[in-house]
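S.K.: These are the residues of each chain, in order.
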Amino acid sequence: MSQVSDSQQKVKFYQTGTFTAGNRLLDEQHRSVQATMDRCNSLDSGHRACQGCGEALGARYAIDAAMRATGNQLIAANATGCLEVFTTPYPETAWSMPWIHSLFGNASAVASGIAAAMKVKGREDVRVIAQGGDGGTTDIGFGCLSGTFDRNDDVLYICYNNQAYMNTGVQRSSATPGAARTATTMPVGENPGNVFGTGKNVPLVAMAHQIPYVATASVHDLHDLEYKVTRAMEVRGARYIEIFVPCPLGWGSKPGDTVKLARLAVESGMYPLIEAEDGEISGVTRIRNRVNVEEYLKLQRRFAHVLKPANANQLEQLQAIADRNIKRFDLCRVEEEQL
Amino acid sequence: MLKQIEGSHAVAEAVALCRPEVISAYPITPQTHIVEDLGTLVKDGTIENCEFLLVESEFGALSACIGSSAAGARSYTATSSQGMLFMMEAVYNASGMGLPIVMTVGNRAIGAPINIWNDWGDSMSARDAGWLQLFVESNQQAVDVHIQAFKLAEELSLPVMVCMDGFILTHSYSQVDIPEQSQVDEFLPAFEPRQVLDPAAPLSMGAMVGPEAFTEVRFLGHQKQLDALDLIPQQAAEFEAIFGRDSGGLIKSFESEGAETVVITLGSVIGTMKEVLAGMRDDGHSIGALTIRSFRPFPSDALRAALKDAKRVIVFEKCLAVGMGGIVSMNVRMALKDSDTLVQSVIGGLGGRPITRAGLRRMFEKGLRDELEEPHFHDINMDIVNRELEREKQQRRSGSVAENILRDGGVVAAAKTI
Numbered sequence: 001m002s003q004v005s006d007s008q009q010k011v012k013f014y015q016t017g018t019f020t021a022g023n024r025l026l027d028e029q030h031r032s033v034q035a036t037m038d039r040c041n042s043l044d045s046g047h048r049a050c051q052g053c054g055e056a057l058g059a060r061y062a063i064d065a066a067m068r069a070t071g072n073q074l075i076a077a078n079a080t081g082c083l084e085v086f087t088t089p090y091p092e093t094a095w096s097m098p099w100i101h102s103l104f105g106n107a108s109a110v111a112s113g114i115a116a117a118m119k120v121k122g123r124e125d126v127r128v129i130a131q132g133g134d135g136g137t138t139d140i141g142f143g144c145l146s147g148t149f150d151r152n153d154d155v156l157y158i159c160y161n162n163q164a165y166m167n168t169g170v171q172r173s174s175a176t177p178g179a180a181r182t183a184t185t186m187p188v189g190e191n192p193g194n195v196f197g198t199g200k201n202v203p204l205v206a207m208a209h210q211i212p213y214v215a216t217a218s219v220h221d222l223h224d225l226e227y228k229v230t231r232a233m234e235v236r237g238a239r240y241i242e243i244f245v246p247c248p249l250g251w252g253s254k255p256g257d258t259v260k261l262a263r264l265a266v267e268s269g270m271y272p273l274i275e276a277e278d279g280e281i282s283g284v285t286r287i288r289n290r291v292n293v294e295e296y297l298k299l300q301r302r303f304a305h306v307l308k309p310a311n312a313n314q315l316e317q318l319q320a321i322a323d324r325n326i327k328r329f330d331l332c333r334v335e336e337e338q339l
Numbered sequence: 001m002l003k004q005i006e007g008s009h010a011v012a013e014a015v016a017l018c019r020p021e022v023i024s025a026y027p028i029t030p031q032t033h034i035v036e037d038l039g040t041l042v043k044d045g046t047i048e049n050c051e052f053l054l055v056e057s058e059f060g061a062l063s064a065c066i067g068s069s070a071a072g073a074r075s076y077t078a079t080s081s082q083g084m085l086f087m088m089e090a091v092y093n094a095s096g097m098g099l100p101i102v103m104t105v106g107n108r109a110i111g112a113p114i115n116i117w118n119d120w121g122d123s124m125s126a127r128d129a130g131w132l133q134l135f136v137e138s139n140q141q142a143v144d145v146h147i148q149a150f151k152l153a154e155e156l157s158l159p160v161m162v163c164m165d166g167f168i169l170t171h172s173y174s175q176v177d178i179p180e181q182s183q184v185d186e187f188l189p190a191f192e193p194r195q196v197l198d199p200a201a202p203l204s205m206g207a208m209v210g211p212e213a214f215t216e217v218r219f220l221g222h223q224k225q226l227d228a229l230d231l232i233p234q235q236a237a238e239f240e241a242i243f244g245r246d247s248g249g250l251i252k253s254f255e256s257e258g259a260e261t262v263v264i265t266l267g268s269v270i271g272t273m274k275e276v277l278a279g280m281r282d283d284g285h286s287i288g289a290l291t292i293r294s295f296r297p298f299p300s301d302a303l304r305a306a307l308k309d310a311k312r313v314i315v316f317e318k319c320l321a322v323g324m325g326g327i328v329s330m331n332v333r334m335a336l337k338d339s340d341t342l343v344q345s346v347i348g349g350l351g352g353r354p355i356t357r358a359g360l361r362r363m364f365e366k367g368l369r370d371e372l373e374e375p376h377f378h379d380i381n382m383d384i385v386n387r388e389l390e391r392e393k394q395q396r397r398s399g400s401v402a403e404n405i406l407r408d409g410g411v412v413a414a415a416k417t418i
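Protein chains in written order, with the working numbering: chain H, 1 to 339; chain B, 1 to 418.
Looking at chain H on its own, in the form it has when it is part of the complex:
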């Protein structure tokens, strides 16, 4: 084990109940960006996110990793949404990086414009990210996003997916899962909650654009998230990373369960972690401790009705979706080295 340098934070506890090794057990080069004292804190403390906000966590990990990868030569375009509102009302800002908010549906187009400006000024060392929630990405920003992918502009788009419009009071988006309660898909009447068979899988849509890099990540696996952002910054052209970010307010979960919920979503198969290069799957994160979807659902009030005997069919449908994901992406194959 290598010597711990002064810039490395002494980690004070192990995470328990996970397969994630504590940072202090790792070699220095394998430790996370967040574990270093010289991380840039691009999204700094003092913002107004709710307790247990998965999006704040995801953004901090992702942007610090992107800053590290680019030597802090990074500009961000932000869609309207929670991340924009909780980080910035003037005159305050939690961003210690050049940052622009324009509109709800145009973050990727604004980022394309910034990338064009950097290119024309001979500053291609300055990289550009666009970021937004699932509403700003999969719904209202979808046209501009597809345009950025189509032109293969040198932009990394990060979608923080909490599966509904949280900033406006938890309304359904096209990323909301079946059966989930939102303000516009209330658990009343027959088939309570969001309708099954709707919605879109934007990582797969991104892959269909044949862009150089697409990945999904989750706030429970910091190393994987940082690796994917770093990998994305090694590539030129349009890239898309979707980060799974639980929302205690919108999901009716405990703030302290955010990381646990992110892990259970992945381990149940509800949220597959994948990587794709040039439109082809290039990697998946295997599930090592598979759980039933019920384990994931029971910690969230948005799915409370699913666990009632009368709605057993909804539970079955959600389990079937998880099973299909596991089969489709081969998430449970045991790697040889693990045997």
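Among the clues, some could well be false.
Said to hold, decoys possible - Simulated crosslink set (DSS-like; lysine-lysine; CA at most 25 Å straight-line):
1. H:LYS260 - H:LYS327
2. B:LYS311 - B:LYS252
3. B:LYS308 - B:LYS366
4. H:LYS119 - B:LYS43
5. H:LYS308 - H:LYS254
6. H:LYS121 - B:LYS43
What the hints assert, rightly or not - What follows is a list of derived Cβ distance ranges for each label pair:
7. H:ARG324 - B:ASP128: 49 to 59 Å
8. H:VAL188 - B:ASP198: 45 to 55 Å
9. H:SER96 - B:PHE214: 21 to 31 Å
10. B:ASN49 - H:ARG288: 49 to 59 Å
11. B:ALA237 - H:GLU124: 38 to 48 Å
12. H:GLU28 - B:ASP198: 26 to 36 Å
13. B:TYR92 - H:GLY122: 25 to 35 Å
14. H:THR168 - B:MET330: 31 to 41 Å
15. B:GLU240 - H:GLY122: 32 to 42 Å
16. H:VAL188 - B:GLY325: 41 to 51 Å
17. B:MET1 - H:ASN72: 45 to 55 Å
18. B:ASP128 - H:THR168: 21 to 31 Å
19. B:PRO27 - H:THR168: 31 to 41 Å
20. H:VAL188 - B:VAL217: 40 to 50 Å
Said to hold, decoys possible - One-sided and incomplete, this derived list gives chain B residues near chain H with beta-carbon spacing under 10 Å:
21. CYS50
22. CYS65
23. ASN93
24. MET97
25. PRO199
26. MET205
27. ALA207
If you're looking for bench data, these hints aren't it; they were derived computationally from the structure. These numbers come from a predicted model, not from an experiment. Each residue gets a CB set at the ideal place from its N, CA and C atoms; glycine is no exception.
Place chain B on chain H using the hints.
M.R.: Relative to the frame of chain H, chain B by itself:
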């Protein structure tokens, strides 16, 4: 250099001379030739150091310019009609953030019914969006005003729309003096932004502002436009000193001084009007015209001064505030609120209806007799309108108004030829 060229191509050459750094392009008739020509000029190397973005929508077109302008690049796009409406959220956003983007609007009607021909419905829908709106009368002026627009925009840190009549100007060939690069370089300095996205000096742009500051932000946007009332004539004079042409400014008189009746309009229709009014003056009428070149900011003082001796004003406009009346005439009345001058409002040329010399003369003569109803719809066929109203009275499911009127017009026209 004198060239016999299409208006759109002349504009593309003018924009090229301004050394744009980012151009975003989306096709919409009738501005399409402008961005097509710019694409060629970027590709063949005439415009050096420029990124040409082929975007997925007008909303994306202006949004990309918002990004590039915020990152310090001189940015340009062009649009028309539905395209302008589709980007409207970004139109307000660009001015609210003080980004000096220049956008050509090839003026065209707004549907439904879908109509690709010229009127000013598109620009007028954005008249309160915080952009400067400069209307041009000819393709020479279109060239000259684009060059001034970049300088104005960047000096004020506000976006500028150059409004030119679709087809009538964009698609017509005329002799245009295309300036030399050295002249444009002398007139137009490099873009020095007031705020810029730069990793060396991080800042947050476009964040939320609450009730405690919103009024002041809006006031300053208004004040900046009022400042432009001084800057626009100043820059027109600077332009004239270098290029030797009077082009731009707030208003332009066409023998309106001392005239009893003054016709006010915008854009290219003054070309036809000048001939009509010359004929009327020959017949002893005291009548002249002036055009409003800067519609935003609105040149109230300049108009008041120019109209101080006028007894009667006839405002001719290719736009309509439905449920209210003329848009330009409302603004003129506001400027003349303390004067006794009679302001008559004439709506004409909607959706590209031809404006003929004979029709204009008939209308002006009616105006001289103070017989124009308020507002007057120029060359409207009231027989057809009344028959449609009758159809609607007689049957609930009366169908498409537009289709009924066309069918009616066709039947009547056919009957007349028999």
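S.K.: All the hints need checking, so say for each whether the structure fits it.
M.R.: Against the structure, the hints come out as follows:
In summary, the hint linking LYS260 (chain H) to LYS327 (chain H) is supported, as the alpha carbons are separated by about 23 Å, within the 25 Å threshold. With a C-alpha separation of about 19 Å, the suggested pairing of LYS311 (chain B) with LYS252 (chain B) holds against the 25 Å cut-off. Taking the CA atoms of LYS308 (chain B) and LYS366 (chain B), the gap is about 22 Å. The hint holds against a cut of 25 Å. A threshold of 25 Å between alpha carbons decides the hint, and for LYS119 (chain H) with LYS43 (chain B) the separation of about 16 Å falls inside it, so the pair holds.
Simply put, LYS308 (chain H) and LYS254 (chain H) have alpha-carbon atoms about 20 Å apart, close enough for the 25 Å limit, and the pair holds. A C-alpha spacing of about 17 Å is found between LYS121 (chain H) and LYS43 (chain B), which places the hinted pair at or below 25 Å, so the restraint holds. Take ARG324 (chain H) and ASP128 (chain B): their Cβ atoms lie about 52 Å apart, and the range 49 to 59 Å holds. The hinted window of 45 to 55 Å between VAL188 (chain H) and ASP198 (chain B) holds, with their beta carbons roughly 52 Å apart.
In this structure, SER96 (chain H) and PHE214 (chain B) meet the distance hint of 21 to 31 Å, their C-beta atoms being roughly 26 Å apart. The beta-carbon spacing between ASN49 (chain B) and ARG288 (chain H), approximately 53 Å, falls within the hinted interval of 49 to 59 Å. For the pair ALA237 (chain B) and GLU124 (chain H), the supplied restraint of 38 to 48 Å holds, since their beta-carbon distance comes to about 41 Å. With their beta carbons about 32 Å apart, GLU28 (chain H) and ASP198 (chain B) fall inside the hinted range of 26 to 36 Å.
Checked against the hint of 25 to 35 Å, the C-beta distance between TYR92 (chain B) and GLY122 (chain H) comes to roughly 32 Å, which is consistent with it. Against the hinted window of 31 to 41 Å, the Cβ-Cβ separation of THR168 (chain H) and MET330 (chain B) comes to about 36 Å, which satisfies the hint. As the Cβ distance of GLU240 (chain B) to GLY122 (chain H) is approximately 36 Å, the hint placing it in 32 to 42 Å holds. A hinted range of 41 to 51 Å for the beta carbons of VAL188 (chain H) and GLY325 (chain B) is consistent with their spacing of about 49 Å.
At roughly 48 Å, the beta carbons of MET1 (chain B) and ASN72 (chain H) sit within the given window of 45 to 55 Å. Checked against the hint of 21 to 31 Å, the pair ASP128 (chain B) and THR168 (chain H) passes, with Cβ atoms roughly 26 Å apart. Between PRO27 (chain B) and THR168 (chain H) the Cβ separation comes to about 34 Å, which falls inside the hinted range of 31 to 41 Å. In this structure, VAL188 (chain H) and VAL217 (chain B) meet the distance hint of 40 to 50 Å, their C-beta atoms being roughly 43 Å apart.
Against a cut-off of 10 Å between C-beta atoms, the interface hint on CYS50 (chain B) holds, since the closest Cβ of chain H lies about 6 Å away. Among the interface hints, the one on CYS65 (chain B) holds; its C-beta lies about 6 Å from the nearest C-beta in chain H, closer than the 10 Å criterion. Hint status for ASN93 (chain B): holds, given a least beta-carbon distance of 5 Å to chain H, under 10 Å. Residue-level restraint check for MET97 (chain B) holds (minimum Cβ-Cβ distance to chain H is 7 Å; threshold 10 Å).
A hinted interface residue such as PRO199 (chain B) counts as satisfied when its beta carbon comes closer than 10 Å to some beta carbon of chain H; here the least separation is about 5 Å, so the hint holds. Taken as an interface hint, MET205 (chain B) checks out: its beta carbon lies about 4 Å from the nearest beta carbon of chain H, inside 10 Å. A distance limit of 10 Å between C-beta atoms decides the matter here; for ALA207 (chain B) the minimum to chain H is near 4 Å, and the interface restraint holds.
The structure fails none of the hints (numbered hints given earlier).
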